[in-house]
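Participant: Chains as they are written, first to last, in the working numbering: chain A, 13 to 372; chain B, 13 to 372.
One or more hints might be untrue.
[As the list claims (entries may be wrong)] Pairs of lysine-lysine residues, derived as DSBU-like cross-links and limited to a Cα-Cα distance of at most 30 Å, are as follows:
id, chain 1, residue 1, chain 2, residue 2
1, B, K217, A, K246
2, A, K246, B, K229
3, A, K124, A, K333
4, B, K106, B, K335
5, A, K246, A, K349
6, A, K246, A, K305
7, A, K217, B, K229
8, B, K305, A, K152
9, A, K54, A, K106
10, A, K187, B, K246
11, B, K246, A, K229
12, A, K305, B, K150
13, B, K349, B, K97
14, A, K187, B, K163
Since the hints were made in silico from the structure, they are not lab data.
2 protein chains.
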Amino acid sequence: MSETVIKFGILGCAEIARKVGRAIGLAPNATIVAVGSRSAEKAAKYAADNGFPPATRAYGSYDAVLDDPEVDAVYVPLPTSLHAKWAVLAAQKKKHLLLEKPVAVNAAEFDKIVEACVANGVQFMDGTMWMHHPRTAKMKEFVSDERAFGKITAMHTCFTFAADPDFLENDIRVKPDLDGLGALGDAGWYCIRSILWANDYELPKTVTALRGPVLNKAGVILSCGASLYWEEGKVATFHCSFVSHLTMDITAVGTKGTLHVHDFVIPFQESEASFSVASESGFDELVTGWVPKPAEHLVNTSLPQEVLMVKEFSSLVGAIKAKGSQPEMKWPIISKKTQLVIDAVKLSIERGFEPVEVVG
Amino acid sequence: MSETVIKFGILGCAEIARKVGRAIGLAPNATIVAVGSRSAEKAAKYAADNGFPPATRAYGSYDAVLDDPEVDAVYVPLPTSLHAKWAVLAAQKKKHLLLEKPVAVNAAEFDKIVEACVANGVQFMDGTMWMHHPRTAKMKEFVSDERAFGKITAMHTCFTFAADPDFLENDIRVKPDLDGLGALGDAGWYCIRSILWANDYELPKTVTALRGPVLNKAGVILSCGASLYWEEGKVATFHCSFVSHLTMDITAVGTKGTLHVHDFVIPFQESEASFSVASESGFDELVTGWVPKPAEHLVNTSLPQEVLMVKEFSSLVGAIKAKGSQPEMKWPIISKKTQLVIDAVKLSIERGFEPVEVVG
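With the rest of the complex left out, here is chain A:
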């Protein structure tokens, strides 16, 4: 039985949309039918340059994509400051919504997007690709294994990359009126998501930004970090940056085990990805070595993680279209929690590194 193929429209010609466009093409249950830009010529050239299907309609506005009756779902990689407007409009036009992260400029704006999605019965998912890699499920199995990992106690995540001078001058992610959350909304999004993921999406009690964030002249965060605190000693820290070398770590420590991964957002290569675990490791008698040593686990995937994301999203949309299923609320819920922690970090920086309570 063939699955419903979901027809995508793309709003804008963002660099990231090239990757997701390819993913829509590779997903067995999705296809691109429209792309909209501020000029139809630009949209047409973008579609051609990126090998979108020849029948893809190139529109000179985002509205035209939303008005295309054949479009089931839209992928929205617009600057964050435009999310609320276009995501709400898309939902109102009954378009299912695959929205780039950060999902909004703050949680209150994101609430409006979710309300519109709920009111119109459309599926919401953010573009956090690594959530869909089969490695992520395997890592989750480990940190959920009470016998091998125990209870999580401490975690550190880091996502940094060295943006080039052009990025630091011109990218939307350094512009206060476009992606005003800067490195926190971009790289920090992944760090925070991974911390919530490992903690079964339990929000921390307090979030405290760490001293030493780097801001550009316009006040946009280029690097920052925070410590998160739950209760009973459960803690996490993260660091994100546009001005440090590429690093992409999760270290999750439980009472009985440890997980390490060094390429959690973008695996070193597409077809396979690894992680390392240790469980009940101790020392030999004279404390001159580990027993047992950590072990490496390799996970293969026939489809890249962004394709699996599109596939999962399209499958949920297909169920809504074909069977009248309800939208899966897991996805907007975890987006909201991620955004809440981002907001708390930003507020803590503004308040001079005071702890901020996180209320879900």
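Mind docking chain B on chain A? Use the hints.
Facilitator: Just chain B now, kept in the frame of chain A:
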């Protein structure tokens, strides 16, 4: 030309002294000649059980070791609260001093030890073994390489282990009157030392303890963390614990490169140890993989790191004895800096996680 062989006395029968005792035996320029305990019988049994040379003199007091004219140097693994008394006495008796970490209950007490060493012309070194592994020198080469690593911007270190119930009840490291610095003075010592090591021993400007430390009923730290801040966005965090699974990480991120090591304090195995580096890594065109990927470096060592520590210490002592060299002050200087940061973390916890300025 044969090197002077340094004759060691050991104060006390600590568990860690078994490892260092073996190391003294294996070092080509060191030998054990005396061990002192509160009972001569206990000292004699300890010497026999651990294969110390048959001629080792077993004394019923620490004083007797210090009064033994043949003893050149003492290894002092006593509880931290006893360091000031016995280290100062040892120096006054012209015994060179290999002192376990944390070196003192606070930096002011440590100053007294250093003063005594300087006044008596004896060498001081703390027992931080990993400093002496050839891997450490190789890692330092990498983080010092402006072309490959750039300037250090962010660092995270973690040393945790899951102490058993007996340790958590009875070990000297959970007793306020013995090793009152708890996990901070023990595991945290290594984290802080590694941060200073990677930053060329430049002290941070401020140290802020992170929320969520775990204390036992007596108020001794069982787990804690801190963020360190220099200037211009240079930051570090660490986490140390007696109540989490064994984890031993350094992540050092520069503007151009990243270093990872997962067994920095005690390598997984004695004879070889590895670390991973990435330099100027970016993504492929569609951001679906890394170019270049990180590379693993393997470093072999014919002598375990603790033997290299004893060898280095004994070599310095030998130069003082044979050639009238001055003691190498690098070692007490880095011990002092490590202790200063420990003191700042402790003070920050006591002050409700306020930032504490570090003054060297």
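Participant: Evaluate each hint against the coordinates.
Facilitator: Do the hints match the structure? See the list:
1. About 27 Å separates the Cα atoms of B/K217 and A/K246, which keeps this hinted pair within 30 Å; it holds.
2. Restraint check for A/K246 and B/K229: the C-alpha separation of about 18 Å stays at or below 30 Å, so the hint holds.
3. Between the alpha carbons of A/K124 and A/K333 the distance comes to roughly 23 Å, so the proposed pair stays at or under 30 Å and holds.
4. Restraint check: the Cα-Cα separation between B/K106 and B/K335 comes to about 16 Å, which is no more than 30 Å; the hinted pair holds.
5. Under the criterion of a C-alpha separation no larger than 30 Å, the hint pairing A/K246 with A/K349 is consistent with the structure, at around 18 Å.
6. A hinted pair counts as satisfied when its Cα atoms are at most 30 Å apart, and A/K246 with A/K305 qualifies at roughly 25 Å.
7. Taking the CA atoms of A/K217 and B/K229, the gap is about 23 Å. The hint holds against a cut of 30 Å.
8. Of the pairs offered as hints, the one joining B/K305 and A/K152 holds, with about 24 Å between alpha carbons and a cut-off of 30 Å not exceeded.
9. Proposed proximity of A/K54 and A/K106 is supported: the alpha carbons are some 26 Å apart, at most 30 Å.
10. Taken as a hint, the A/K187 and B/K246 pair is honoured in the structure, with Cα atoms around 23 Å apart against an allowance of 30 Å.
11. Between B/K246 and A/K229 the alpha-carbon distance is near 18 Å, which keeps this suggested pair within the 30 Å criterion.
12. Between A/K305 and B/K150 the alpha-carbon distance is near 22 Å, which keeps this suggested pair within the 30 Å criterion.
13. Proximity of B/K349 to B/K97 is assessed by CA-CA distance (about 21 Å); at most 30 Å being required, the pair is judged to hold.
14. Proposed proximity of A/K187 and B/K163 is supported: the alpha carbons are some 26 Å apart, at most 30 Å.
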